[in-house]
Amino acid sequence: MTHIQININSKIYPAVQKAGQHLAIADLKLTLHSNEFICLVGPSGCGKTTLLNIIADLDPDYEGEIIVGRQHAHPKIGYIFQNPRLLPWRTVRENIELVLESKQRADIIDPLLETMQLTQSQHVYPERLSVGMSRRVSIIRAFAVDPEVLLMDEPFVSLDAPTARQVRELLLKLWQQRPHTVLFVTHDLREAIALADRIVFLSAAPMHVISEITVPIPRNDRDNEAALESFRQQLLQNYPDIKKLL
Amino acid sequence: MAFYLNSNILPAPARVASVFWQSCLSGQLPYHLGVTLLRLVISFSIAMLLGCGLGIVLGRNKKLDAFFDNWLVIFLNVPALVTIILCYVWFGLVESAAIMAVVINKLPNVIVTIREGTRTLDQDLLDMARCYHLSKRKTLVHVIWPQLHPFVMAATRSGLALIWKIILVVELLGRSNGMGYQLHLFFQLFDVAGIMAYTIAFVAVIQLIELAILKPLDRQSRRWRR
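Residue numbers (my numbering), protein chains in the order written: chain A, 3 to 248; chain B, 400 to 625.
None of these hints come from the bench; they were simulated from the model.
Certain hints may be false.
Unchecked claim - Keeping only pairs whose Cα atoms sit at most 30 Å apart, straight-line, the calculated DSBU-like set for lysine-lysine is: (1) A/Lys20 with B/Lys537; (2) B/Lys537 with B/Lys462; (3) A/Lys246 with A/Lys31; (4) A/Lys78 with B/Lys537; (5) B/Lys462 with B/Lys535; (6) B/Lys537 with B/Lys461; (7) A/Lys20 with A/Lys78; (8) B/Lys461 with B/Lys535; (9) A/Lys20 with B/Lys461; (10) B/Lys614 with B/Lys537; (11) B/Lys535 with A/Lys78; (12) A/Lys31 with A/Lys245.
In this text, all values refer to a predicted model and were calculated from it rather than measured experimentally.
Same shape as in the complex, but just chain B:
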């Protein structure tokens, strides 16, 4: 239909491809995609590291869990837009505020997933580790972490999807580069071909992350299964 209509609102695939190609050649698309990816990597890493650590602690400590449980529910349900605006208002339109806004939005999600995983840890295996006097590091790396792997992968996949969406809003509201900023620009110019070209790049990157990183990680962690 787009092929026949070929209007500005519904551009033909060839036109989208042409815009995509031009943006790549001019370096605009790689630059903005790169900036967004960098923000994604930083905020995702911080959220996952903190979230896994806190999730394990809360999953293993009933008192701390009872204390933070309500706060977690609150942070899980605060609209992303609120935290983004508050971060920008309180800390200024700076990079660290943008990253912090993304982390705050993602963190409760990781904590809850890992906490649930920690609650299901096999006590028999933990007892085995204890009576053989395995060090805390050995127990974490070889006994606890492999059991948490499915939960970490779930947090990773849902987290990436969530962070992509939040980063674009963060960029749209307070940054002068990145995919979100560019999409906002295209929106103001009613440039649907531009929006679609950037979306194609976005989908390609997601597929690349899935195929090059997540799938091999999955295979590696399931190698022992029949």
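Just chain A, same shape as in the assembly:
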């Protein structure tokens, strides 16, 4: 099983016109253990998306290193963006097929569609999907490539509470069926507690890790609202600084 080590010494956005240069990340060190579900919690604009883009190799302009196992390399990733980024001219199934090689497409896609309850909608174009369904498609696309790391950038942020809860439960079901290392960005501490094995609290820019907390609630007790809320209260009491990050 592969561990992934992320060491980012600095990430600087160069000056643009009147805006001076911006140090977004400084001395950030993060270890991802295999099949671990990690939630990143930090204030808005602190650089969480920048971090995900660096890991996804969408932003090569940084100082530092990413080590997968023993090799300096970017891990194979599945990215679930804030906006699902589906190709509107391809059906649900075609969107998923696009990221796969031609062989074994059906073997991979059919069970994923079934778990995410989208078998009936597989030939529908994204414009006809609800927001929640679009998110589920983007989750399937990310799992389909069997990534070393799944990056999720506040994927439920614009969903209403019941839909967010439904998609979250489906995501957890899928993740438990097919465990993967997950980096999940969120503002919502409740969501982080419900999902994470470990919560990493990040500072405002320049972003670095403030504290890492393991969530001790057993997986089969994660739908127990009272348990989640009690742990949240306990966290806020023990780490008063966290309040500023939310």
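Assemble chain B onto chain A, guided by the hints.
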């Protein structure tokens, strides 16, 4: 009015129809129309292929775009007649010179349209393609091309209209067949009925291209829209 006047300058519709029919029967009209259509297909295909390729490259590469921008503006504004005459003078009154003249006139137009389209490509979708390691071919065919489709259709429609006009001038100046050559002949003979008969054939072909090729392409590309 044409019906009542029925003069050589403004012939009655029946006379135009008769000339049209006679020209079709004699094989003259189909032959000259066919020759012009062949030139249109060849020059249009070359201009579109080259124009789309160069347009995408310039739209994606700021340095190349900055270098070629002025040249594009110059070629966009050079009168068609100048390029046609220069092609004939430099390369002779041959088929390839005629095709080249048409392509040179159409090419900047396609490049500019596709370049503008490429500039508006959705960076989010390109990032998605990149982080899922889609091949260059897959990205071009499935991510970039569908976004460029409206621009390609605009270049196609405006291009066809432009090429028709230029081809006739090219044929008039330096070829011994084609619609342009025939129209020139009719002009010298003051045969307005002939000019109109050929114009009818011309309009019919344009309508056919629109209905049989462009409209179905439009429908196909919009099938995903609500």
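- request: For the pair we were handed, lysine 20 of chain A and lysine 461 of chain B, check the Cα-Cα distance against 30 Å.
  value: Between lysine 20 of chain A and lysine 461 of chain B the Cα gap is close to 22 Å, so the pair holds against 30 Å.
query: Does lysine 78 of chain A pair with lysine 537 of chain B here, judged by a C-alpha cut-off of 30 Å?
result: Within the cut-off at roughly 18 Å; holds.
message: Against the 30 Å threshold, does the CA-CA distance of lysine 537 of chain B and lysine 462 of chain B hold or violate the hint?
response: holds (25 Å)
Given pair status - lysine 461 of chain B, lysine 537 of chain B, alpha carbons within 30 Å: holds (23 Å)
- request: Could you grab the alpha-carbon distance between lysine 535 of chain B and lysine 78 of chain A and see if it respects the 30 Å cut-off?
  value: Holds, at about 18 Å.
- prompt: Does the structure keep lysine 20 of chain A and lysine 78 of chain A at a Cα separation of 30 Å or less?
  reply: Distance of about 37 Å is beyond 30 Å: violated.
- prompt: Within a Cα-Cα threshold of 30 Å, do lysine 614 of chain B and lysine 537 of chain B meet the stated pairing?
  reply: holds (26 Å)
field: Straight-line alpha-carbon gap lysine 246 of chain A to lysine 31 of chain A, limit 30 Å
entry: Judged against 30 Å, a Cα distance of about 21 Å means the pair holds.
- request: Mind checking the alpha carbons of lysine 461 of chain B and lysine 535 of chain B for me, to see if they're no more than 30 Å apart?
  value: holds (19 Å)
- request: For the pair we were handed, lysine 20 of chain A and lysine 537 of chain B, check the Cα-Cα distance against 30 Å.
  value: violated (39 Å)
- prompt: Regarding the pair lysine 31 of chain A and lysine 245 of chain A, is the alpha-carbon distance no greater than 30 Å?
  reply: holds (22 Å)
- prompt: Between lysine 462 of chain B and lysine 535 of chain B, is the straight-line Cα distance small enough, at 30 Å or below?
  reply: holds (21 Å)
Hint compliance for this structure: hints 1, 7 are broken, all remaining hints hold.
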